[in-house]
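**Q** Sequence:
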Amino acid sequence: MPGSLLSYRSFEHSDGQLGSHHDDHDEDDYSSRPPTASTSPTFRRTRSYRTVDEMSSLLENPDHRRTYQTSHLDQSRTSLLHERVWYDQFTSTDWIHDSLMDAFRVKALQSRKGWYGRVERLYDASQGWILVAIIGFLTACLAYFVNVTEGILFDYKSGFCSYSWALNVKTCCDGLQTCDEWKRWSDVIRAGNPDALGIEYIFHVFLTVLMAETSCLLTLLTKTVVPSNVRLSTLDEDLAAERRVSENDEDDLKTTSVPSEKPGDMTYYSAAGSGVAEIKVIISGFVLHGYLGLKTLVVKTLALILSIASGLSIGKEGPYVHISTAIGNIACRLFPKYNLNDGKRREVLSASAAAGVAVAFGSPLGGVLFSLEEVSYYFPMKTLFRTFFCTMVAALTLKFLNPYGNSHIVLFEVRYITGWKGFEMVAFVLLGIMGGTMGALFIKATKFWAMTFRRISFFKRHPVAEVALIALVTGLIGFWNRYTRLPVTELLRELASPCDTFTSSGNGLCPTQEQIPAVLWYLMVAFVLKAVLTTITFGIKVPAGIYVPSMVVGGLLGRIVGHIVQYLALNYSHTGLFGDCKADSAPEDCVVPGVYAMVAAGATMCGVTRLSITLAVILLELTGSYDHVMPFSIGILVAKWTADAIEPLSIYDMLIQMNNYPFLDKQKPIFTGELGDIVPKHINHHRVIDISQSPFVHAKTLRAQLDYLHSNGEIDGGLPLLKDGILVGLIPAPDLEWSLDQLNNESNTLCLMSTEVKWNGPNDSDDENEPEHDPTDFTSYVDASPVALDAHSSMDLVYEMFVKLGLRYVCVLREGRYAGLVHKKNFVKFCKDLEHAHSD
1 MPGSLLSYRS
11 FEHSDGQLGS
21 HHDDHDEDDY
31 SSRPPTASTS
41 PTFRRTRSYR
51 TVDEMSSLLE
61 NPDHRRTYQT
71 SHLDQSRTSL
81 LHERVWYDQF
91 TSTDWIHDSL
101 MDAFRVKALQ
111 SRKGWYGRVE
121 RLYDASQGWI
131 LVAIIGFLTA
141 CLAYFVNVTE
151 GILFDYKSGF
161 CSYSWALNVK
171 TCCDGLQTCD
181 EWKRWSDVIR
191 AGNPDALGIE
201 YIFHVFLTVL
211 MAETSCLLTL
221 LTKTVVPSNV
231 RLSTLDEDLA
241 AERRVSENDE
251 DDLKTTSVPS
261 EKPGDMTYYS
271 AAGSGVAEIK
281 VIISGFVLHG
291 YLGLKTLVVK
301 TLALILSIAS
311 GLSIGKEGPY
321 VHISTAIGNI
331 ACRLFPKYNL
341 NDGKRREVLS
351 ASAAAGVAVA
361 FGSPLGGVLF
371 SLEEVSYYFP
381 MKTLFRTFFC
391 TMVAALTLKF
401 LNPYGNSHIV
411 LFEVRYITGW
421 KGFEMVAFVL
431 LGIMGGTMGA
441 LFIKATKFWA
451 MTFRRISFFK
461 RHPVAEVALI
471 ALVTGLIGFW
481 NRYTRLPVTE
491 LLRELASPCD
501 TFTSSGNGLC
511 PTQEQIPAVL
521 WYLMVAFVLK
531 AVLTTITFGI
541 KVPAGIYVPS
551 MVVGGLLGRI
561 VGHIVQYLAL
571 NYSHTGLFGD
581 CKADSAPEDC
591 VVPGVYAMVA
601 AGATMCGVTR
611 LSITLAVILL
621 ELTGSYDHVM
631 PFSIGILVAK
641 WTADAIEPLS
651 IYDMLIQMNN
661 YPFLDKQKPI
671 FTGELGDIVP
681 KHINHHRVID
691 ISQSPFVHAK
701 TLRAQLDYLH
711 SNGEIDGGLP
721 LLKDGILVGL
731 IPAPDLEWSL
741 DQLNNESNTL
751 CLMSTEVKWN
761 GPNDSDDENE
771 PEHDPTDFTS
781 YVDASPVALD
791 AHSSMDLVYE
801 MFVKLGLRYV
811 CVLREGRYAG
821 LVHKKNFVKF
831 CKDLEHAHSD
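Numbering-wise, the sequence shown is residues 1 to 840 according to the UniProt record's numbering.
Keep in mind that the hints were calculated from the coordinates and are not lab data. Any given hint could turn out to be false.
[Unchecked claim] Pairwise CB distance ranges (calculated):
#1 Leu-221 - Trp-115: 50 to 56 Å
#2 Tyr-123 - Glu-181: 51 to 57 Å
#3 Glu-181 - Gln-667: 55 to 61 Å
#4 Ala-196 - Leu-221: 36 to 42 Å
#5 Lys-421 - Pro-517: 20 to 26 Å
We put the beta carbon where it would ideally sit given N, CA and C, even for glycine.
Starting from the given sequences, assemble the full structure and let the hints guide the process.
**A** Set out below in structure tokens:
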């Protein structure tokens, strides 16, 4: 279980309600910050204070001192039961502390006897199941609302239903593509003008831009300004977030005694993009205030409807993960067991993310595997089963709601009857190579576009202008090709579907043998347009996913290859390679181009996201064809190998890296040194509290040291306590900040920092430095046993400590004496620099 141990504390509202913090602000939803006078309601500490004389009488006697220390520890443990842990923006969850907090809660629960205790334990055990069932149900309901609403708005670009504006064209026409009840804009506006196509073209472009712009304006409502002391380079999927002053990061881990120049404030929009990268980092323990709040949930849902309805080359599947996780975060408020414990809350968030994939792809098993493979940092067995239950509830609820009126959970669900032949294996491997290559090149092209076009100052300052430009381009060039005009989910269904009848049309997907070359040309044009539009659209300030758009690009390529193989099989059925195909048979009796489209779609999505097993299961659940599991798996495996060779990072790993999130994945770099190589040779006195001369420290000195940590971006750092050069404890920076904020007069206050002090009071003390007034006791906030490693420890061990325990920092010792402290953020930066050095 990941983290470092926070000190124990409890809060009390001024009205006397213990631990009853109410999340009145959406921004402070799944994790919170230490309350201060300027940001939170008035709190007071419930821990009892002792005067100097009381402490003297207790501490002058060894037996009394042992009693005091024991009762003090017991009190800390008791306060843990009612504690609400507060986390600052861009800090890390303390996994060990949260685990211990839950252990004390369970211990107290088990101590309750009788039938009431059994009932209470039963209710406690059922809370997790109730919670994930609620999350699955609400996720499905919201997905139903989005699917139905965006379908209606999308059809508005071509016309409206004369007897009800709340119907799309298929519902209005009873499943037909058109009818008299469906009024096109050309029928209403033309008034004798024969140019019906021109009128429809104008309405198509106008409504595309209008919906995209409205979506962008909604997204901009979730603007969040990052404080300047947070050292991040970018914070959204355009990879070029706004920075007001300058970019100035520490050159290495060895900080100097003078804080570096303050970086400028940055801005990001929590409703923009897909949110999968941020969800991955949040579940790993990183704190992003407002990202999973009610405001973000509402805004992203409404903006997503408009962005999808606009016809931009984006998907809703990634945002579904963000939306479902936000639902999970908000639902945690129903049960204090999860609301007051960020460690357990993140177990629920893992299940919530899986529910988003389940409703996006109609794949409960795929959702579980997605959570395990992509977003979850810690995934115990109980979380696995609850995640499966959550996805099943979500999928079943959406099945009963029936958003598409055909009993399908998703629009692009298909079924294959014809099996695949042995000679097609070569084509499947080729599609894997092509899909992996396209996925890797898409990542590089997206990054290049962000670093060039989005760095233009005008578009950087006015994201609305960029959305308008891309929407205008999409509307202008997408109207004339049937496949670029269709919504991405419907296009993917058509590309992957088998054919029942065949036409001589040159722009349909079921051509006769003679019309295959004409269809190939039509598909190639659509492929080029979709690839370009998807590349330049990813990262604009609207809710946008990349899963289905990448599958559509791959599906177009796969359909092209499928028709080529089909054409060769029909013309050369007498040869040995195509000997399994019968002459004069129907085009799909031997080769089904839809299978090629699905293989290439999975391969391309794998190249972009690096999902493997998850994708294979999703494709299986979409097609229901066990016979085609092998082609799907081969394409995905080859695509992953190819993409890793071209671009080691997935699209979300690249976003995490570009944003400098403190995230350590399981692929550790190759280390050549040891821990002592990355710490300075001399101890920085700004970063330690020396209690060698006295156990009391001036509050203003502590405040100056705390400000120093903040100026270096270590708001979740810590100050080691040294006594004659020996590490005797550590006080976390968030705890120190909260403690100092409770003081009325810092300039005249001394704080007790040592838990081993024996002091008989000012009258009996021979030390002139002892205070004449009552000190503030900070010892309950001191971690007396911080995690420490020897300077000769291997870097692989340090890496495993950060990954497996989720530590915020590690203290370093040389021959038993304190030598320095390595913060997780600095260690992440060191690892990234090491990877860049090896890649160069």
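**Q** All hints are to be evaluated individually against the structure, with a verdict given for each.
**A** Evaluation of the provided hints:
1. At roughly 51 Å, the beta carbons of Leu-221 and Trp-115 sit within the given window of 50 to 56 Å.
2. Tyr-123 and Glu-181 have their C-beta atoms about 54 Å apart, which keeps the hinted 51 to 57 Å range intact.
3. A hinted range of 55 to 61 Å for the beta carbons of Glu-181 and Gln-667 is consistent with their spacing of about 57 Å.
4. Look at Ala-196 against Leu-221: about 38 Å separates their beta carbons, and that is inside 36 to 42 Å.
5. Taking 20 to 26 Å as the suggested C-beta distance range, the pair Lys-421 and Pro-517 conforms, at roughly 23 Å.
Of the hints listed earlier, there is not a single one the structure fails to meet.
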